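**Q** Put chains B and C on the given structure of chain A with help from the hints.
Chains as they are written, first to last, in this note's numbering: chain A, 1 to 121; chain B, 1 to 162; chain C, 1 to 430.
Note that these hints are calculated values from the structure, not bench results.
Careful: at least some of the hints might be erroneous.
Here are some, though not all, of the chain A residues that point toward chain C, as calculated from beta-carbon distances under 10 angstroms [claimed, not checked]:
1. 46
2. 47
3. 57
Quick caveat, the model's predicted, so the values are computed rather than measured.
Note that CB positions come from ideal geometry on N, CA and C, so glycine has one too.
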Amino acid sequence: MGEQYVCKSFEFKDGERRIIRIGDDEIGVFRHEGEFFAYSNYCVHQGGPACEGLIIARVEERLRPDKTSMGLFFSEKDMSFACPWHGYEYDMRTGQHIADRRVRLRKYQVLQKGEDIYVVV
Amino acid sequence: MSSSERMVSACEPDAAEKVAFVKAVFKGIESGTEAARIVERKKQGEAAAPQVELLRRIPAQPSPESQPLHQLSASMLAVAAEIEAAVSDDDPGRIDVRAQQALMSALCRLYAANDERGNHFDVLSEQTTVTATDAMVLCGALLKAVDLQVFELALWQSWSSR
Amino acid sequence: MDLISDRGRRVPIEDLNTTRLLDHAAKQARDRRYEDVLIVDCDAHHYENENLSEIIPFMENEVFKQLSLSSRTKGRGHISPVGYGWQDMGGRVTRYPMRSSEKTPVEKGPKRDVELGFRWMDAMGVDYSCLFPTGMLNIGLHPQKEMEFELSWAYARWVTEKVLPESQGRMYTMLGLPFSDPEGCLRMVETFGDRKGVGGFMVTSVREKMAVYDNAYMKLYRALEERGLALAFHSGPNWNSSTFQSCNRFISAHALGFSWFSILHCTNWVVNGMGERFPKLPVIWIESGLAWIPFLMQKLDHEFMLRPSECPLLKKKPSDYMRDMFYSTQPMEIQDMQALETTFRMMNAETQLMYASDYPHWDFDLPSTIWDLPFLSDRAKHNIIGGTAARLFKLEPRNEAQRQNLIKYGNYRGSTAAPARESTPPEPAL
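Bound-form chain A, shown alone (with noise of 0.2 angstroms):
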C-alpha cells in the first residue's frame, strides 16, 4: 500500500500517540523523544489494543559487583508501553516484549518528509 499521509508534525506532540486504521491494519504511532515508532496495534499475546496502555519506565534490577542486589529501579533509558488487557510490555524503540525479544509488535517504518509524517505499510 506504500506511504499512508498520518498528520503534519507540528500537530504531533512529543509523546502523544494516535491509533489509526489503514484498511485492515490498525497501528499505534507513537512519538517519543522527538522520534516517531509505528507498531501494530493488536498485541502478540491475545490480540489486545497494545498501544493503548500505559506508558512507563522500564523497571530494573540493579546488582552491586559482589551480585547483592540493590533492589528495583525505573530505567533512566528505557521506556515501554504496556497492553491494557494483559500487561505485555514491549520496548517503546523496536516493538520487542521486553522479556522475550524474539516475540515483538509489527513495526512499521514512519517517513518525515518536510512537515509531514508518513507510514509505510
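**A** Showing chains B and C alone in chain A's frame:
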C-alpha cells in the same frame, strides 16, 4: 494484515508448528465472514487505496514540571517561597500569626480532602528542607490543637489500616 | 481520569469503556462466527465489595449485621479478609484503576454489574457466564466461622434475588459455601439449591486448614449429588500464607498460590476416595490453569503404586479419578504447544475441560485461546468452549445455529433434559 497473519508474524514458533497453525486458522475461515472478505481483498490486491482513519489521539504524558499551573497553585508556590525566605532570614516573626493559622488550617484540610478522595501523594517533596524535629514539633502542635493524644493517633491508624 | 505512571507522573486517560477496550475481542468473535457456537464462560467475576451496603442487610444474625453495618463508616477497616498484592501491575492493566470511571445507565448496584457483564460477554461472544464474587474469594480466611456463614448467606440472597434476575437468564452462579461451618453449608444447599440460576456451589479453596474428606461434609456432598448440582473449588493466591512467606515478588505468590490450593485439596479429595463415595457428583477445579494437572496425576499415580494401603477406597489410579472431574481452562499456560497437547490428552479435555475467561481479572482468557488451538478436533473445540458446560448446567442454545451445533456434537440432549429451574418464592422482605 489479517488476524491470522498477525498471530503468525508475532509468535514466531518453529516452521512445522507455524504451518499447522496457519492451516488450522485458514480452515476455520468460512465464506461470507469478515475474515473471508479480508482474505479476498488481499487476493484482489486492494483495488482502491485505503483511507487512513484516525481512531484515537492519546495526549502526551506531561511531566510534573511541564504541567501548566493553576493560578492558585502558582500563588501558593510564590507564598511558600517567601515563607521559606523568612525562615532562612531567621525572621519568622514577620509573618502574622493569624495568617499562619489560616494557611495551616487550609493546608490541613486540603491534604485530608485529597486523602479522602484517594489522591495520595508524599506530603513533602524530595527536595524538602523540613527536618525530623520540624515534623515532630508540628505534629505535636496539631494533635494538641484538636485535643488528641499520641495513643489516639496510633489507635486510629491501626483501625483504619493506615 | 489520571493514571499514575513511573515516579508518580500523572497520565490523563479517557474514561473506561469496556466495549471499546474489548473492540479487538469483538472482531475475533465476528471473524470466527462465534454467534453460531454456544459459548459458556465458567468463571467470570463482579466486584461485590462495591455493593456491600446492599448485601449486609441480608445477614441473618442481628449482632453481626450491626457490627458489619457499623464498620462501614469511613476509615473503619474491612469486614472480611482482603488479599494484598499488585494484581494490576501498577495500573498497566488499566481496567482496575479505571473501573469506577466507566459510565452505565444505572450508576450503582446489580443493574450496573449486569450491564458491565453484558458488555464483556457480548464483546467476547460469550452466551452465558458463571458469575462469582471477587473479594469474597478470601472468605475462607475469616477467623470467625459465624461471619463466614453470615456473609456467604447474605451474598447468596443478594445475588440470587437482586443480580441474577436482571441478567435475562444469561448469568448463573455457583454459590460460595461457608466451608468452616458444615451445617451452614447444608442449610445453604437446602435453601438456595433450587433457585433459578444456581448451577452448584463453590468452595473458596484459599484456606489454611480445610479437610475436604471430613465426615462432617458427607451430608453436604450427598445433598449436592442428589440435586444434580456441581461442587466447584475456586482457587486463589494468599501471599499471607506461611507457605508463601519467602516469596518476595507477587508473581511468585500468585503463580504458586493458584496451583497450590488446587493441588492440595484435589490430592485430599482423590486419596480419600471421594470419587468412589460420590460418583455422580460433578466436581470442578477452577482457575488454576492446567499445568498442575499432569504433574499431580503423575505424582499421585507414582506414590499410589507404592502405598496403596493408605488409599484403600480407590479402585483405580488417582489419575483416573482426576479424569472423572472437570476443570476450567483459565489461566491456560500456552507456552509449549506439545506440552499443552499432552495435558489435554492426559485430562481427557474433550469431555472434562470447560472454557473460562475470569474477566475482568488481569489474566483473563478470550475464547480464541481454545478456538485457535491447532491440535483440537471440532468436537473438542465445541465441547470445551460451551457444549460440556451446556450439558452440566442445562443451558439452552440462544439461536438455531447453536442448537444445531449442540446436536451435532451430542451436547443438546442434556441441555433440554431438565426444564429450567423455576425461582422459589423469595424469603420474607427485609
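**Q** Next, verify each hint and record whether it holds.
**A** Quick rundown of the hints versus the structure:
{"no.": "1", "hint": "46", "in the structure": "5 angstroms, holds"}
{"no.": "2", "hint": "47", "in the structure": "5 angstroms, holds"}
{"no.": "3", "hint": "57", "in the structure": "4 angstroms, holds"}
The earlier numbered hints are all upheld by this structure, with none contradicted.
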